[in-house]
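Enquirer: Residue numbers (my numbering): 11 to 69.
Check before you lean on any hint, since a few could be wrong.
As the list claims (entries may be wrong) - Have a look at the derived ranges for each label pair, beta carbon to beta carbon:
1) Arg17 - Ser44: 14 to 22 Å
2) Leu29 - Asn51: 28 to 36 Å
3) Tyr54 - Asp31: 28 to 36 Å
4) Lys20 - Tyr54: 28 to 36 Å
No wet-lab data here; the hints were simulated from the structure. In this text, a Cβ means the ideal position worked out from N, Cα and C, and glycines have one as well.
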Amino acid sequence: MERVTLRIPKQQIEEVEQLVDSGEFPNRSEAIRSAVREMINEEYDGQTDQARKRNWAKV
Numbered sequence: 011m012e013r014v015t016l017r018i019p020k021q022q023i024e025e026v027e028q029l030v031d032s033g034e035f036p037n038r039s040e041a042i043r044s045a046v047r048e049m050i051n052e053e054y055d056g057q058t059d060q061a062r063k064r065n066w067a068k069v
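Based on the sequences and whatever the hints tell you, model everything.
Expert: Laid out in structure tokens, this is it:
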């Protein structure tokens, strides 16, 4: 696995930490990996509308 450094708004990190604290994920890294996998899967689920494909980028 490669290490990636990124900046995420504090509110989003707090929400990720809540998922970890609730036991849904073992740690922040796994929660973020899961989100990336989900985003990639959505891209390949046959969506052709560019606006729908880029919803994940909206903050």
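Enquirer: Each of the hints needs a verdict: does it hold here or not?
Expert: Evaluated hints:
The hinted window of 14 to 22 Å between Arg17 and Ser44 holds, with their beta carbons roughly 19 Å apart. Checked against the hint of 28 to 36 Å, the pair Leu29 and Asn51 fails, with Cβ atoms roughly 18 Å apart. The supplied range of 28 to 36 Å is met by Tyr54 and Asp31, whose beta-carbon atoms lie about 31 Å from each other. Hint check: Lys20 to Tyr54, Cβ distance near 31 Å, so the stated range 28 to 36 Å holds.
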